[in-house]
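Could you slot chain B onto chain A? The hints should help.
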Amino acid sequence: GQSLEQPSEVTAVEGAIVQINCTYQTSGFYGLSWYQQHDGGAPTFLSYNGLDGLEETGRFSSFLSRSDSYGYLLLQELQMKDSASYFCAVSGGYQKVTFGTGTKLQVIP
Amino acid sequence: EPEVTQTPSHQVTQMGQEVILRCVPISNHLYFYWYRQILGQKVEFLVSFYNNEISEKSEIFDDQFSVERPDGSNFTLKIRSTKLEDSAMYFCASGASSGANVLTFGAGSRLTVL
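Chains A and B are the protein sequences, given in the same order. Taking my numbering, I'd label the letters of the first sequence as residues 859 to 967. Taking my numbering, I'd label the letters of the second sequence as residues 704 to 817.
For reference, chain A alone in the conformation it holds in the complex:
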């Protein structure tokens, strides 16, 4: 089976940097993805790591360490619109993507 753990809530100040961690256990591993979901909306893809290291996409970066079964999403220059839930997701089987428990990020002025 697969399980992914994330902090349930994080609060950060506008303009700051926040890191959302994800630890996972999976019987197979093809990569770690991150999705953003605003209240009432659909998950939208942010970033993917298939190999160890850092991937940068604008204000968002994602990191993976396969040996530690760990990854994180880094959000820089936080904006109010970044308030949302963030899910890590593991591609564990050939076509199975399992989502984590989700982290609700609140950005405050």
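Simulated from the structure, these hints should not be mistaken for laboratory data.
Computed Cβ-Cβ distance ranges for the label pairs, DEER-style:
#, chain 1, residue 1, chain 2, residue 2, range
1, A, ASN879, B, LEU733, 30 to 36 Å
2, A, SER866, B, ARG783, 33 to 39 Å
3, A, LEU932, B, LYS786, 39 to 45 Å
4, B, VAL715, A, GLN883, 35 to 41 Å
5, A, ASP897, B, VAL715, 18 to 24 Å
6, A, GLY873, B, ASN755, 45 to 51 Å
7, A, SER923, B, SER800, 21 to 27 Å
8, B, ARG783, A, PRO865, 35 to 41 Å
9, B, GLU756, A, VAL871, 46 to 52 Å
10, B, GLN744, A, LYS939, 22 to 28 Å
11, A, GLN883, B, ASN755, 31 to 37 Å
12, A, GLU863, B, LEU742, 19 to 25 Å
13, B, ILE723, A, THR902, 21 to 27 Å
Calculated from the model, a selection of chain B residues having no Cβ within reach of chain A, i.e. all distances over 10 Å:
#, residue
14, PRO705
15, VAL715
16, GLN720
17, VAL722
18, ASN755
19, ASP765
20, GLN767
21, SER769
22, THR779
23, LYS786
24, ASP789
25, THR815
26, VAL816
27, LEU817
One-sided and incomplete, this derived list gives chain A residues near chain B with beta-carbon spacing under 8 Å:
#, residue
28, GLY889
29, ALA900
30, PRO901
31, THR902
32, TYR906
33, PHE945
34, LYS954
35, VAL955
36, GLY958
Glycine residues also receive a C-beta, built at the ideal position from the N, C-alpha and C atoms.
Chain B alone, transformed into the frame defined by chain A:
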């Protein structure tokens, strides 16, 4: 920008009734998925579909559920004999490549079972 479209956006049904949720994936995508999300909870994998057959399914996806790609564009999820606990948002997603690196989700179909 290409998008995944889902219908209906909201459906209310009586317990025990059958429901069909419809999805039109992105046209050049080959891998299709259904997820569900109970209010305030995580996104749960139900099933993936490739080359006209199920490639993976979760323990949630029991005999009550079925999927079909009846033509070249639609991808449907059928729930037979709905239960109260089936009330959730159901998301369809599609992907272009194997390994499910990037999924594009539809806006979802909210199912309410009374």
